[in-house]
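Read top to bottom, the protein sequences are chains A and B.
For the first sequence, our numbering gives the first residue as -7, with consecutive numbering after it.
For the second sequence, our numbering gives the first residue as 7, with consecutive numbering after it.
Read the hints as simulated data drawn from the structure, not as lab findings.
All the given hints hold, so there is nothing to weed out.
Beta-carbon label-pair distances, calculated as ranges:
1) B:17 - A:7: 35 to 41 Å
2) B:61 - A:8: 43 to 49 Å
3) B:73 - A:43: 27 to 33 Å
4) B:9 - A:46: 26 to 32 Å
5) A:44 - B:45: 33 to 39 Å
6) A:7 - B:26: 42 to 48 Å
7) B:26 - A:101: 29 to 35 Å
8) A:32 - B:34: 25 to 31 Å
9) B:24 - A:8: 46 to 52 Å
10) B:17 - A:-5: 27 to 33 Å
11) A:71 - B:63: 40 to 46 Å
Computed list of lysine to any residue pairs in SDA-like fashion (alpha-carbon distance at most 25 Å, straight line):
12) A:50 - B:102
13) A:41 - A:51
14) A:61 - B:105
For each residue, glycine too, the CB sits at the ideal point set by N, CA and C.
Letter by letter, the chains look like this.
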Amino acid sequence: AQSVTQLDSQVPVFEEAPVELRCNYSSSVSVYLFWYVQYPNQGLQLLLKYLSGSTLVKGINGFEAEFNKSQTSFHLRKPSVHISDTAEYFCAVSFTSGTYKYIFGTGTRLKVLA
Amino acid sequence: ETGVTQSPTHLIKTRGQQVTLRCSSQSGHNTVSWYQQALGQGPQFIFQYYREEENGRGNFPPRFSGLQFPNYSSELNVNALELDDSALYLCASSYGPASGYTFGSGTRLTVV
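Bound-form chain A, shown alone (with noise of 0.2 Å):
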């Protein structure tokens, strides 16, 4: 069975500081992997996807991923937050084929101090 876990609940950072946001998934088979962003009331925008190929991944909004096949990780950073960045951030997996469900984690509340 696929599981994701996202160790942290809440990260405080304060404003241009960088920020690292931790997601580690289990699966017996291959998967993708997704971070999305939450604004509060509304729905989950895609931040950016680890299909294969290069592990580190480019997203919207300044902000990369790090696809580690090793220690199955896909941590999510960016080197300087702005206030506007303060949202809830979902790791997700899916299958490759079929139902490609995700999955997701918790979800880490990003809150960004002036």
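Using the hints, position chain B against chain A.
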């Protein structure tokens, strides 16, 4: 791109009632999935439809049912509502596993 649109945005129902939520997929997407997101939790997979057929289901009881129409729009129906059904219901569409899903803004269902 028109994105994924859901209606209504908010809904209040009484326990035991039935509800229908609607979703219009993004143009060109033939797969739609529904997720339930309880407060403070990650979304949980309810089911997926591909070309009008259900092709995957999560751990939800049969009173959760759905439809996908020829234009790839979709409905989620919930019968015999329970208080624990109160949640944000998200619809997402896709044209393949590598593309990722595009999510709607959700329907906030409150059961009283």
